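These protein sequence lines are chains Z and R, in that order.
Residue 1 is where the first sequence starts when you use the working numbering, and the numbers rise one by one after that.
Residue 1 is where the second sequence starts when you use the working numbering, and the numbers rise one by one after that.
Hint data in this document are derived by calculation from the structure and do not stem from the laboratory.
Hints are supplied without guarantee of correctness; some may be wrong.
Pair ranges (Cβ atoms, derived) [stated by the list, open to error]:
1) Z:His260 with R:His196: 27 to 33 Å
2) Z:Lys24 with R:His260: 46 to 52 Å
3) Z:Ala70 with R:Ala70: 50 to 56 Å
4) Z:Glu204 with R:Pro190: 51 to 57 Å
5) Z:Ser212 with R:Gly211: 26 to 32 Å
6) Z:Glu204 with R:Ser212: 38 to 44 Å
7) R:Asp98 with Z:Asp230: 41 to 47 Å
8) Z:Gln72 with R:Pro147: 52 to 58 Å
9) Z:Lys24 with R:Pro261: 35 to 41 Å
10) R:Ala25 with Z:His260: 30 to 36 Å
11) R:Leu106 with Z:Val244: 22 to 28 Å
12) Z:Glu67 with R:Phe269: 20 to 26 Å
13) Z:Ser212 with R:Lys56: 52 to 58 Å
14) R:Ala207 with Z:Gln72: 52 to 58 Å
Lysine to any residue pairs mimicking SDA-like chemistry, simulated, CA-CA at most 25 Å apart [said to hold, decoys possible]:
15) Z:Lys191 with Z:Arg171
16) R:Lys28 with Z:Leu17
17) R:Lys271 with Z:Met1
18) Z:Lys104 with R:Glu159
19) R:Lys219 with Z:Arg131
Computed footprint of chain R on chain Z; a stretch qualifies when at least three of its residues, placed anywhere within it, have a C-beta under 8 Å from a C-beta of chain R [what the hints assert, rightly or not]:
20) 58 to 64
21) 123 to 137
22) 154 to 166
None of the values given here were measured: they were computed from a predicted structure.
By construction, the Cβ of each residue, glycine as well, lies at the ideal position given by its N, Cα and C atoms.
2 protein chains.
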Amino acid sequence: MLYIVGLGLGDEKDITLRGLEAVKASTKVYVEAYTSLLSFGLTSDGLSKLEKLYGKPVIVADREMVEERADQILSEASESDVAFLVVGDPFGATTHTDLVVRAKQLGIDVKVIHNASVMNAIGVCGLQLYRYGETVSIPFFTETWRPDSFYEKIQRNRELGLHTLCLLDIRVKEPSLESLCRGKKCYEPPKYMTIHTAINQLLEVEALRKGSAYSEKSKCVGIARLGNEDQLIAAGSMTDLLDVDFGAPLHCLVIVGETHPVEEEMLEFYKVK
Amino acid sequence: MLYIVGLGLGDEKDITLRGLEAVKASTKVYVEAYTSLLSFGLTSDGLSKLEKLYGKPVIVADREMVEERADQILSEASESDVAFLVVGDPFGATTHTDLVVRAKQLGIDVKVIHNASVMNAIGVCGLQLYRYGETVSIPFFTETWRPDSFYEKIQRNRELGLHTLCLLDIRVKEPSLESLCRGKKCYEPPKYMTIHTAINQLLEVEALRKGSAYSEKSKCVGIARLGNEDQLIAAGSMTDLLDVDFGAPLHCLVIVGETHPVEEEMLEFYKVK
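If we strip away everything but chain Z, and leave its shape as in the complex, we get (with noise of 0.2 Å):
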C-alpha cells in the first residue's frame, strides 16, 4: 500500500488521525521536499519534529530522488506499507500525480489522505470560495525571462467580476548555473517570491500591457504563513500592501474581484489603516 498523506499548512501537528495512522503503520516514510518545509521542522537539526511525532525515522524527498528512486520506492510498497508525505493536500501540486499513476500501472493499492492546502484555506481571508476564477502563478522573472501569461487570467477573472488567487514562485534545490556549467551538483539557497515582488512584478506587467487589467489601486489581500499560528493577513491596495512587512515565507497574494457584504465585513478586519 501507498499512503499519500497531506501534512497541512502549519506544523506536524496539522496531520489529521487518519494521517498519523497510516505513517505509525508504514515501513518506510518519506516525505517531500519539493515545494516548503519551513514549519515542519526540517531545518539544520534535522526531521527532529515530524520523527518525534512519529516515532521513526522519515526520509526527506526532493523531486530529484523521487524521479531517480521512484522504481525503488514502489517496489517497497508493493511489498508493505509505506507513506509518503506531502506539505499541503496531495493533489494541491501536480507533482504528485506522477508517483500515483506509476503506482496505479503497477497495480500498488494507493490511499489518499487528504489535509487542507492553499486552495482551500485561502478562503480564511473572507472571500468565498466559489467566487474565485482560475488561478495564477507568478513565477520569479529574470534578465531575460519575464513571463506574463497571468496577465489574462487575472483581465478575465476580473472581467467576471471573480477573485484571483496568486501562487507566488518557489525555487527549491535549483541547480545553480556554474554548477550546470561545470557539470557538477550544485545548488541555489531556496527562494521565496515575497508579497512586495509579485506586486511590483504584476505592476510592471500592467505598466508594459496596458490593459486595465489591474492598477496599483486595486484591491487586494496580502496573506503571509497561510494556517500557521503567526500567520498574517493584510487588506488593501496595492501601494498600501507594498508598505506591510509580511515577514518570513510563504507568501500569497488575492486580487480581490466584486465583493458580497458579508465579504467586505470581514476584509474590513483585515483592512491597512
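Given the coordinates of chain Z, assemble chain R onto it according to the supplied hints.
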C-alpha cells in the same frame, strides 16, 4: 477563545491533531449540522463516534440554533474556550463567516483550524486544481423554480478550457410547506442531489438554452463520498455516468475542460468501460 475547527470529509478520524487539542481544551463543543454529518456517526444513536473520541458531549447546532443562540455561543467563548466544529474546512461554505465576523466584532479571539474540503480534495480525480474556473451550485429544480444561472458559468469555463466543479444541492432541516402553513416547526427529511439528477437537470437546461455549453457527450467525472473509505470516482460522458450506480450521498460532479496528458492518464483509471 472561539475555535473554528474543520473536521475534514471522511469520519471522526479526519480531524487534525491540532483540532483535537482544541476540542479537548474546550468547555463547550458545538458541531454544525447545516450541511451533512452523514459519516460522522450522527445517526439515530446520537453523536457516539465524535463524543467517544473527544471524551465529552457535543452539541449539534443546526442553522436555526446558531442564529438563535449565537449570542449565547459567543458569550461562552468570551469567558472560556469554545469549539465550533464544521464538516470539511471552516471556510468551505459561507455559513460560518457570519459567526466569525460577530465574534471578531465582540473582540473574541478566533482561531481557525483548517482541514480538507471538497474545494481541494476534488484534486484526487486527477484534474489539476489550478485548471478549474468558477465553481457552480446546482439547486434542486421544483415545478415552479428552476434557476439556471450555473449555465453561463459553465459555458464560460468551457470556452476557456477550464474544468467546472458542480456542487450538488443538500437540503437538511427544510421546514415542510405544511408546517409553514400551520405555523409550527416540522421538517422535510434530508435530501441530497445525486449525480443522475444533476446531469438530467443540466441536460434539460442545455435543451432549453441551446448555447452548446455542453452536451450528453461532454466528458465528466462523478465523485461519490469524496474522502470516505468507500469513495467512488467514475469518468465518462454524461450519458455514461447516467448508467453508473454511485450509491449513497454525498455526490459531486466535474465537467471536464481541456486536459493535459497527465490529467488524461489519471482519468483513464476511472473511466467507465
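Each hint, compared with the structure:
1. Remark: the range hint 27 to 33 Å for histidine 260 (chain Z) to histidine 196 (chain R) is upheld by a beta-carbon distance near 32 Å.
2. Under the hint 46 to 52 Å, the C-beta atoms of lysine 24 (chain Z) and histidine 260 (chain R), about 36 Å apart, miss the expected range.
3. Range check, alanine 70 (chain Z) to alanine 70 (chain R): about 51 Å between beta-carbon atoms, so the 50 to 56 Å window is met.
4. Checking the proposed 51 to 57 Å range against glutamate 204 (chain Z) and proline 190 (chain R) shows it holds: the Cβ atoms sit about 53 Å from each other.
5. Separation of serine 212 (chain Z) from glycine 211 (chain R) is about 28 Å and conforms to the stated range, judged on CB atoms against 26 to 32 Å.
6. Between glutamate 204 (chain Z) and serine 212 (chain R) the beta carbons are some 39 Å apart, a value that agrees with the proposed interval 38 to 44 Å.
7. Between aspartate 98 (chain R) and aspartate 230 (chain Z) the beta carbons are some 26 Å apart, a value that contradicts the proposed interval 41 to 47 Å.
8. Restraint check, glutamine 72 (chain Z) to proline 147 (chain R): a C-beta distance of roughly 54 Å satisfies the suggested window 52 to 58 Å.
9. At roughly 36 Å, the beta-carbon separation of lysine 24 (chain Z) and proline 261 (chain R) lies within the given 35 to 41 Å, and the hint holds.
10. A hinted range of 30 to 36 Å holds for the C-beta pair alanine 25 (chain R) and histidine 260 (chain Z), which are about 34 Å apart.
11. About 26 Å separates the C-beta atoms of leucine 106 (chain R) and valine 244 (chain Z), a value consistent with the hinted range of 22 to 28 Å.
12. Glutamate 67 (chain Z) and phenylalanine 269 (chain R) have their C-beta atoms about 21 Å apart, which keeps the hinted 20 to 26 Å range intact.
13. Hint check: serine 212 (chain Z) to lysine 56 (chain R), Cβ distance near 56 Å, so the stated range 52 to 58 Å holds.
14. Between alanine 207 (chain R) and glutamine 72 (chain Z) the beta carbon distance is about 54 Å. The supplied range of 52 to 58 Å therefore holds.
15. Between the alpha carbons of lysine 191 (chain Z) and arginine 171 (chain Z) the distance comes to roughly 5 Å, so the proposed pair stays at or under 25 Å and holds.
16. Between lysine 28 (chain R) and leucine 17 (chain Z) the CA atoms are separated by roughly 21 Å; this keeps the pair inside 25 Å, and the hint holds.
17. Pair hint lysine 271 (chain R) plus methionine 1 (chain Z) holds up; C-alpha atoms about 22 Å apart against a cutoff of 25 Å.
18. For the given pair, lysine 104 (chain Z) sits about 32 Å from glutamate 159 (chain R) by alpha-carbon distance, which is inconsistent with the 25 Å threshold.
19. A hinted pair counts as satisfied when its Cα atoms are at most 25 Å apart, and lysine 219 (chain R) with arginine 131 (chain Z) qualifies at roughly 24 Å.
20. Counting residues of the segment 58 to 64 of chain Z whose CB falls under 8 Å from any CB of chain R gives 0; the rule of at least 3 is not met.
21. For a cut-off of 8 Å, the count of residues in the segment 123 to 137 of chain Z with a CB near a CB of chain R stands at 13, and the three-residue condition holds.
22. Under the rule that three or more residues need a Cβ within less than 8 Å of chain R, the assignment of the segment 154 to 166 of chain Z holds, with 3 such residues.
In this structure, the hints that do not hold are numbers 2, 7, 18 and 20, in rising order.
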